[in-house]
Amino acid sequence: MLLDFEKPISELESKLNDMKQLAVESDVDVSLAIKKLEENIISLKNDTFKNLTRWQRIQLSRHPDRPYTLDYIYEITSEFIELHGDRNVGDDRAVVGGFAEIDGETIMIIGQQKGRNTKQRQERNFGMANPEGYRKALRLMKLAEKFNKPIVTLIDTPGAFPGIEAEERGQGEAIAKNLKEMFTLKVPVICVVIGEGASGGALGIAIGDKVLMMENAWYSVISPENCSTILWRSWDYKEQAADVLKPTAKDMLKLKLIDGIIKEPLGGAHTNLQESAVFLKKALMSNLETLKKKSSEERIADRMDKFGSMGVYS
Amino acid sequence: MAWFNRKDKGIQTSTKDKKDAPDGLWYKTPNGHIIHMRELKKNSYVCPEDDYHVKIGSKEYFEILFDNNKFEEMDALMSSADPLNFKDTKKYSDRIVDTQKKTGLKDAVRTAHGMSKGKPIVIACMDFSFIGGSMGAVVGEKISRAIDYSYQNNIPILIISKSGGARMMEAGISLMQLAKISSKLTLLEEKKIPYISLLTDPTTGGVTASFAMLGDFNIAEPGALIGFAGPRIIRETIGKDLPKGFQRSEFVLDHGFLDFIVDRRQLKNKISTLLALIFNGA
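For the protein sequence lines, the chains are A and B, in the order given.
Residue numbers for the first sequence follow our numbering, so the first one is 1 and each next one is one higher.
Residue numbers for the second sequence follow our numbering, so the first one is 1001 and each next one is one higher.
Just so you know, these hints were derived from the structure itself, not from any lab.
There may be inaccurate statements among the hints.
What the hints assert, rightly or not - Cross-link-like lysine to aspartate or glutamate pairs, in silico, DMTMM-like; alpha carbons within 25 Å at most:
no., chain 1, residue 1, chain 2, residue 2
1, A, 119, B, 1236
2, B, 1091, A, 225
3, B, 1244, A, 165
4, A, 142, B, 1216
5, B, 1191, A, 297
6, B, 1191, A, 298
7, B, 1244, A, 168
8, A, 50, A, 11
9, B, 1087, A, 297
10, A, 294, B, 1190
11, A, 186, B, 1236
12, B, 1240, A, 103
13, A, 254, B, 1082
14, A, 238, B, 1190
15, A, 256, B, 1148
16, B, 1042, B, 1216
17, A, 142, B, 1189
18, B, 1090, A, 236
19, B, 1087, A, 302
20, A, 256, B, 1189
21, B, 1090, A, 239
22, A, 146, B, 1088
23, B, 1192, A, 298
24, B, 1191, A, 302
What the hints assert, rightly or not - Negatives, chain B to chain A, calculated, CB over 10 Å:
no., residue
25, 1029
26, 1034
27, 1118
C-beta: ideal position from N, C-alpha, C; glycine also.
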């Protein structure tokens, strides 16, 4: 699938392919033209992706080819044993987690998981967790704490699931409990918003010593579409809503609500999973190293101070 | 033929001599019962005929809970900034000023400490009339400071929730207030200070997904709407009508998320008894 602003680039790329084909099939020397076209593509990409609007970034964060939690887990870890269930009601497939090995070290890695096709999307409930998902995540975090392993969470959700059973089983309580408990975890916690970070559903696994965002991820209290529906009473103001919500990584860093931004390949994470994973892994490892130098008391105090200082008032 | 004949045509009383029936002198409950405001006030704003709990704000709750309505308010002047420069159909900064004028409140929560049944207590009470009781940085900071006060002085805290959730106009900042207040509550664990969360009509969204559900005791007024997602969103998502009584206090109690439901007329007594039981022997 191509987004509107990806189309001109894609057109040039197919032109380039045609030309390369031509070069193979005929004796005409097109090397100069190919070089020119390649340069054009890079500069067009640069122009397009340096000046993305907020709404365009949100579209990228939801790109159907965008890497999801399990894609990253398989790329950055050498061993991964998935652990299931909240030991109470069931296993929420919208949240995955387990122990994994990364550069010889064991971590607990947990994240929301979206589906790639219709069947998977149904299984993963579009990455919208039920209370069991949050309770499973907390169970795994406590397990990590018990065995003194750092925790990495990957956030990618359009929100916690708004359903009858979710309410019956205490969606609000499940998220609330995670928020409180994550402040007491003695091991390092790094949270990365890799795609969508919608509201309490995202925050429910996003209390960390370091909270990072991928370059084209978004994170806010509500999606621009829902914000538009509530404040303008129409779906049509989503672009304006995106601009006032300021949900991009750059915005969130400027507002001091996150600790850093992880670069994506030019063109967005979906254009190159391997490269995106390298960037993610590098960020995780360097932050982990810094965090491990602190005592657990220091980390908890810093974690509380950081969130405690969020908010502007007069 | 009429018994009395009107001698003069039209209304003769001059405007200045007209008697005004002040607005809000009588209250009509959703069940159609009509009650005089003075009676309602004496009855903790509960209609005696149908036990309907009228939606009230911090002023009334303070009056009900603090002995002789005596309390010391904290951070009374704290007011919203507009760090995002937010504008929808109206500028957020204008919305704040207008709402402050209209309601006489500074933001959607008031915090105070005082005595209730002769024992010290900290109370944070949300006001729904201020932008739907929505939680932004002011609500986050005021409640955090109220918890700090409770922690520093070893005083139990009661938080009365009445909110539609996080305040959209403060976007990411309002979301982080969920985390901020939740982090503060971990302090109370350490000193074993009781935290009572009273959920009133309505308590939804980010408030439910943070401090409102984190009480040592989660209690609610009868019939209050309590939930994470609002009923409209759920109905639209699942495309079905919602069962009767869904997300009401009684439903939430049945599903195990409330300790008890309390009639507002018994609220003060019940809280003081509960706290007395905890402090017994301490």
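Comparing the hints with the structure gives:
no. : hint               : in the structure
1   : 119(A) to 1236(B)  : holds, 22 Å
2   : 1091(B) to 225(A)  : holds, 19 Å
3   : 1244(B) to 165(A)  : holds, 14 Å
4   : 142(A) to 1216(B)  : holds, 21 Å
5   : 1191(B) to 297(A)  : holds, 17 Å
6   : 1191(B) to 298(A)  : holds, 19 Å
7   : 1244(B) to 168(A)  : holds, 13 Å
8   : 50(A) to 11(A)     : holds, 19 Å
9   : 1087(B) to 297(A)  : violated, 41 Å
10  : 294(A) to 1190(B)  : holds, 22 Å
11  : 186(A) to 1236(B)  : violated, 41 Å
12  : 1240(B) to 103(A)  : violated, 49 Å
13  : 254(A) to 1082(B)  : holds, 15 Å
14  : 238(A) to 1190(B)  : violated, 44 Å
15  : 256(A) to 1148(B)  : holds, 23 Å
16  : 1042(B) to 1216(B) : violated, 30 Å
17  : 142(A) to 1189(B)  : holds, 18 Å
18  : 1090(B) to 236(A)  : holds, 17 Å
19  : 1087(B) to 302(A)  : violated, 33 Å
20  : 256(A) to 1189(B)  : violated, 28 Å
21  : 1090(B) to 239(A)  : holds, 17 Å
22  : 146(A) to 1088(B)  : violated, 47 Å
23  : 1192(B) to 298(A)  : holds, 22 Å
24  : 1191(B) to 302(A)  : holds, 20 Å
25  : 1029               : holds, 27 Å
26  : 1034               : holds, 34 Å
27  : 1118               : holds, 31 Å
Consistency with the previously given hints fails for numbers 9, 11, 12, 14, 16, 19, 20, 22, ordered from lowest to highest.
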